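*Asks:* Each chain, letter by letter, is given below.
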Amino acid sequence: MSIRRFRRHRLAMAGVVILFTFMLASIFAPYLAPYDPLKQMVKERLQGASFTYWLGTDQFGRDILSRILYGGRLSMVVGFISVALGLMVGGLFGLIAGYFRKLDNLIMRLMDILLSFPSILLAIGVMTILGPGLFNVMIAVGIRSIPSYARMVRSTVLVIKAMPYTEASVALGAPSWRIMLSTILPNSFPPILVYSTLEIANAILLGAILSYLGLGVQPPTPEWGIMVSEGRGWLRDAPHISIFPGLAIFLVSMAFNLVGDGLRDSLDVRLKETKG
Amino acid sequence: MLNYILRRILATIPVLVGVSIIVFFMVRLIPGDPILILVGMEASEEQLSKIRKELGLDRPIYVQYFSYAKRAVRGDMGRSIHSRRPVWDEIKERFPATFELTTTSILIAAFFGIIIGVISAVKQYSIFDHLSMVSALASISMPIFLLGLLLMWFFSLYLTWFPTGGRPDCFWCIEKVRYLTLPALTLSGAALPMIARLTRSTMLEVIRQEYIITARAKGLAERSVIFKHALRNALTPVVTYMGLQYAILLGGAVVTEQIFSWPGMGRLVVEAIQSRDYPVIQGCILFLAVVSVIMNLVVDLIYGLLDPKIRYE
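First to last, the sequence lines map onto chains U and H.
According to my numbering, the first sequence holds residues 1 to 276 in order.
According to my numbering, the second sequence holds residues 1001 to 1313 in order.
Treat the hints with care, as some may be off.
For lysine-lysine, the following DSBU-like pairs were computed, each having C-alpha atoms within a straight-line distance of at most 30 Å [claimed, not checked]:
#1 H:K1228 - H:K1218
#2 U:K161 - H:K1228
#3 U:K102 - H:K1309
#4 H:K1050 - H:K1070
#5 H:K1070 - H:K1092
If you want the footprint, here are the derived chain U segments under chain H, 3+ residues with CB under 8 Å [stated by the list, open to error]:
#6 106 to 115
#7 213 to 219
Derived contacts from chain H toward chain U, CB cut-off under 7 Å, selection only [claimed, not checked]:
#8 I1005
#9 L1006
#10 I1009
#11 V1019
#12 S1141
#13 V1270
In case anyone wonders, no lab produced these hints; they're calculated from the structure.
These numbers were taken from a predicted model, which means no experiment stands behind them.
We put the beta carbon where it would ideally sit given N, CA and C, even for glycine.
Looking at chain U on its own, in the form it has when it is part of the complex (with noise of 0.2 Å):
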């Protein structure tokens, strides 16, 4: 039912098709990059978009189309795995919190303090400490998402201990970790995938704002935020520098955060928090 649901959804299959070029793309850019992300070739610097070079060159003479097919890997990485490592560590203080009211305060306490951290300065934080580099950036990038996830599954977790079945398996003496694994968890699972897709598009922002300042990944590596802040002196002549990886960027963002608000609708579920 919810699949169909979202199959009608036309905006989010649109984000599925974007997001499934994009993957593909990334996956395959070994071999479907026209050269090599980081060959520099001189003589070809600062060109526009051509049939030799789509997307043009940058004023290395790289291939920006080949930069960017290889950038999507490292931004969908960022995207995928500092979102897991907030699901991971934020979503076990919220269960904790939701399910032993004892610890609720101490941990909500804990991650109102996390939260008062407007969330660059959280992540740039955590880059000072760690230095700079691709493995730093999902760190930083998964540490701001721990308190919102860390709320979410707490409330969520509100929810389904008050329902029927929780109740059933707490009477029948089922011990705290199975009712947390086996009942509550799977049951937390719609609004976890609905946030989740939606914070992926936001990591991948975060991660290409920190290279774009020059926290993150390092040049040359091809990585959008770097490409986009390399061009940034280039805009008067060669605006396509900065400007189609800063697309590719947006396109990927925009498709997760479709694909969001439509498993949202089809899984009818509401990302609101519950006071407890």
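Please build the complex by placing chain H on the supplied structure of chain U, with the hints as guidance.
*Replies:* For chain H alone, kept in the frame of chain U given last:
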């Protein structure tokens, strides 16, 4: 009301303490000896232990935290490694620019967002309504640096209407408006459509209420029904959202200031990170986090003022 204000202020204190603890440990978690970073690799062991003693780094960690917190409350956040000036002086110098940018952005976002939201609600399912929904969707997916660069490319480099960056020294002059326009538009880019969508959805709820029907039945002019009766009640959640947005804008300012060479705190943070100026990074993050906590407090207080139900919860 006084009881509500006191409760909210008291609830903010543990958050502020938590924020200061995190920022305090942030620098201590950086691999390597912070003293070596402060004085350079060439210092002798004798010099190092002398400085450690001077800075109190030989004392237990909780004592160090309390002395740090005590100094931070007085505005003493140490000295910049790079410029040797007190961090507080650097912040005082740079924050007005950030405040100017974020406040202008939130005002632009609120003004246009509310107007667009009201029109979308009144003309639901019209082309205008659909367009505003599409732009909201696009705006949350738009990387802030792409929007900034596109605006700069079109308005500064192509049309040459606005400068590409910088900030004039005058307090308030026409010249400043020219310099502020593009960064403020960039920063408000994400908040504006979201405020419009929120205003639209709360307005749609409110205009179906019975008191609005009564207002219309009394024969009041449509403008008066919408702006005096409906909008006032629809604005409460919008005000809260604006407060939350302000904190997000403080983060977004880091990127916007970088694009437009706006000499605010965001640029200070990025410069400090590039030169590994840890006291400045620590001071800036602490300051901006405290500002965002205080903003949330102010919003909660305004919320209580606007909606009496909140005060008695």
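*Asks:* Restraint: V1019 of chain H near chain U, CB-CB cut 7 Å. Satisfied or not?
*Replies:* holds, 6 Å
*Asks:* Is the hinted pair K102 of chain U and K1309 of chain H satisfied, with a Cα-Cα distance of at most 30 Å?
*Replies:* Roughly 28 Å separates the two Cα atoms, so the pair holds.
*Asks:* Test coverage of the region 213 to 219 of chain U by chain H using CB-CB distances below 8 Å; three residues minimum.
*Replies:* It holds, with 3 qualifying residues against the three required.
*Asks:* Checking one constraint from the list: CA of K1050 of chain H to CA of K1070 of chain H, max 30 Å. Satisfied?
*Replies:* holds, 22 Å
*Asks:* Please verify that hint: I1005 of chain H, Cβ, nearest Cβ of chain U, below 7 Å or not.
*Replies:* violated, 19 Å
*Asks:* Against the 30 Å threshold, does the CA-CA distance of K1070 of chain H and K1092 of chain H hold or violate the hint?
*Replies:* holds, 19 Å
*Asks:* Does I1009 of chain H pass the interface check with chain U, least Cβ-Cβ distance below 7 Å?
*Replies:* This interface hint is violated because 15 Å lies over the 7 Å limit.
*Asks:* So, V1270 of chain H near chain U? Judge it on the closest CB pair being under 7 Å.
*Replies:* Where the cut-off is 7 Å and the nearest Cβ of chain U is about 6 Å from V1270 of chain H, the hint holds.
*Asks:* Given that the region 106 to 115 of chain U was listed as covered by chain H, double-check it with a C-beta distance under 8 Å for 3 or more residues.
*Replies:* holds (count 5)
*Asks:* Under the criterion that the straight-line Cα-Cα distance not exceed 30 Å, is the pair K1228 of chain H, K1218 of chain H satisfied?
*Replies:* holds, 14 Å
*Asks:* Go through the hint on S1141 of chain H and say holds or violated, using the shortest Cβ distance to chain U against 7 Å.
*Replies:* Given a least distance of 4 Å, the restraint on S1141 of chain H holds.
*Asks:* Regarding the pair K161 of chain U and K1228 of chain H, is the alpha-carbon distance no greater than 30 Å?
*Replies:* This hinted pair is violated, its Cα atoms lying about 44 Å apart.
Hints 2, 8, 9, 10 from the earlier list are contradicted by this structure; the remaining hints agree with it.
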